[in-house]
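The listed protein sequences derive, respectively, from chains A and C. First residue of the first sequence? That's 1 in my numbering, and the numbers climb one at a time after it. First residue of the second sequence? That's 1 in my numbering, and the numbers climb one at a time after it.
Hint data in this document are derived by calculation from the structure and do not stem from the laboratory. Certain hints may be false.
As the list claims (entries may be wrong) - Cross-link-like lysine-lysine pairs, in silico, DSBU-like; alpha carbons within 35 Å at most: (1) C/K91 with C/K36; (2) A/K82 with C/K33; (3) C/K91 with C/K134; (4) C/K105 with A/K82; (5) C/K124 with A/K204; (6) A/K65 with C/K105; (7) A/K82 with C/K36; (8) A/K204 with C/K125; (9) C/K108 with A/K95; (10) C/K141 with C/K124; (11) C/K21 with C/K134; (12) A/K204 with C/K141; (13) C/K125 with C/K54; (14) C/K134 with C/K36; (15) C/K33 with C/K21; (16) C/K124 with C/K105; (17) C/K41 with A/K204; (18) A/K95 with C/K105; (19) C/K54 with C/K36; (20) C/K91 with C/K141; (21) C/K54 with A/K65; (22) C/K33 with A/K204; (23) C/K20 with A/K82; (24) A/K82 with C/K124; (25) C/K36 with A/K204; (26) C/K54 with C/K20; (27) C/K59 with C/K21; (28) C/K54 with C/K105.
To be verified - If you want the footprint, here are the derived chain A segments under chain C, 3+ residues with CB under 8 Å: (29) 11 to 20; (30) 67 to 75; (31) 140 to 148; (32) 208 to 215.
C-beta atoms are modelled at their ideal positions from N, C-alpha and C, and glycine is treated no differently.
Listed below, chain by chain, are the residues.
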Amino acid sequence: MTEIHKEEILSGEEVEILQEIMNIAFGKSAADLADVIDTHVVLNIPFINVMQVTDLPVYIREHVKDYMNISIVEQHFWGCFKGDALLVFSSGSGKELIRILQHGDQADMESDPVEILERETLMEVGNILIGACVGKVAELLRDVVTYTPPLIILERYYEDAISDNHFSPDKTAIVLKTDFSFTDGNVTGLLFLITSNDSIQWLKEALRVFISQYE
Amino acid sequence: MESGHTLHLSDKQEAGGMIKKILIVDDSPIARKMLKSCLPKDQGFEFHEACDGKEGVEKYRELCPDLTFMDLTMPVMTGYEALEEIIKHDKNALIIVVTADVQLKAIKIVLDSGAYMVLRKPLKKEDLQVALLKAQDTLQKVEK
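With these hints in hand, go ahead and build the complete structure from the sequences.
Given below as structure tokens:
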């Protein structure tokens, strides 16, 4: 893996600001989701990393390998802040989310093929988590972003789900990662926001403006 | 915290002014800096900082601050755990939870555990000033 020092791209303070912004943004998206489904999302400390895009698949696989099979909801977003959002769920999360949403009622699960329900549920939950999180990051950095419709990969072995050519190869990526779990039900996952070096100059200035409110 | 109006510390200086020692518990140095910048500069506050819940509990025991600001998502010991430990040690502890975790269940848990108030990140100066005034009034009543 090619070593990139974060400091070459973002200063230590810029990384800390971005980490705090991600913390605020994911807190907002968890609250939005908790409004829709009656659960408590347990949040963990977000982490920022900078790497070559070619190293991203290895990095992501390393973080999700314990899940074995995974489902992914992916959305591209663009504004001044642009990139990919990858929401990775552990195996079985889709079915578990259906159960939580239906308050344990099995009736509807029998009326539609489970795979369709699972796909729709993960897309809806993914849409809420990604939209609220990316939207809040953009709002705090005084930007507005647009999204592509979510794409979904359902229950696939992690090495196949994250292929080596998943991302365009010639860029540096800033990766914002946070992991989460639900207190009710066996749902765990990770959210990766991957923004390429096209956004870096804008991002550095936006971070400076953000923190200047507090100086 | 929703606030319909803004109070200024100068309006209440006669009644308040008792909060001097403030402990800020947050793993993010930026979050600690943001919080301090939202507090009035002319009140002569004495700031102490801790970067995780465990250090927060230790510093609380050592310093007995008048007011503590506590984040929830932290390494080593979470804010939830630190809050419980501090309230166990001092049931009158004034702890304002400052968090990005604004889920209703999270807010209920910390208020049930004895938090004085919950403020959401990113902080607004006016919210923090109102919170400070309320905390000062509460502290004054406790001391009386």
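query = Is the hinted pair C/K54 and A/K65 satisfied, with a Cα-Cα distance of at most 35 Å?
reply = 31 Å, holds
message = Run the distance test for C/K36 versus A/K204: straight-line Cα separation, threshold 35 Å.
response = Cα-Cα ~23 Å, so holds.
inquiry  = Given the hinted pair C/K54 and C/K20, is their Cα-Cα distance within 35 Å?
reply    = OK: C/K54 and C/K20 at ~23 Å, within 35 Å.
ask   = Does C/K36 lie within 35 Å of C/K134 when you go C-alpha to C-alpha?
value = 18 Å, holds
Hint consistency between A/K95 and C/K105 [alpha-carbon to alpha-carbon, up to 35 Å] = It holds: about 23 Å lies between the C-alpha atoms, which stays within 35 Å.
Restraint status (C-alpha distance of C/K108 to A/K95 at most 35 Å) = 28 Å, holds
message = Please verify whether C/K105 and A/K82 have alpha carbons no more than 35 Å apart.
response = Status holds; Cα separation ~32 Å.
task = Quickly compare the C-alpha distance for C/K33 and C/K21 to 35 Å and report which way the hint goes.
result = Distance of about 16 Å is within 35 Å: holds.
query = Counting residues of the segment 11 to 20 of chain A whose CB is closer than 8 Å to a CB in chain C, do you get three or more?
reply = Coverage by chain C holds here, the residue count being 5 at a Cβ distance below 8 Å.
inquiry  = Hint check: C/K41 vs A/K204, CA-CA at most 35 Å. Holds or violated?
reply    = 28 Å, holds
ask   = If you draw a straight line from the CA of C/K91 to the CA of C/K134, is it 35 Å or shorter?
value = 18 Å, holds
message = Taking beta carbons only, do three or more residues of the segment 208 to 215 of chain A come closer than 8 Å to chain C?
response = holds (count 3)
The earlier numbered hints that this structure contradicts are 12, 23, 30, 31.
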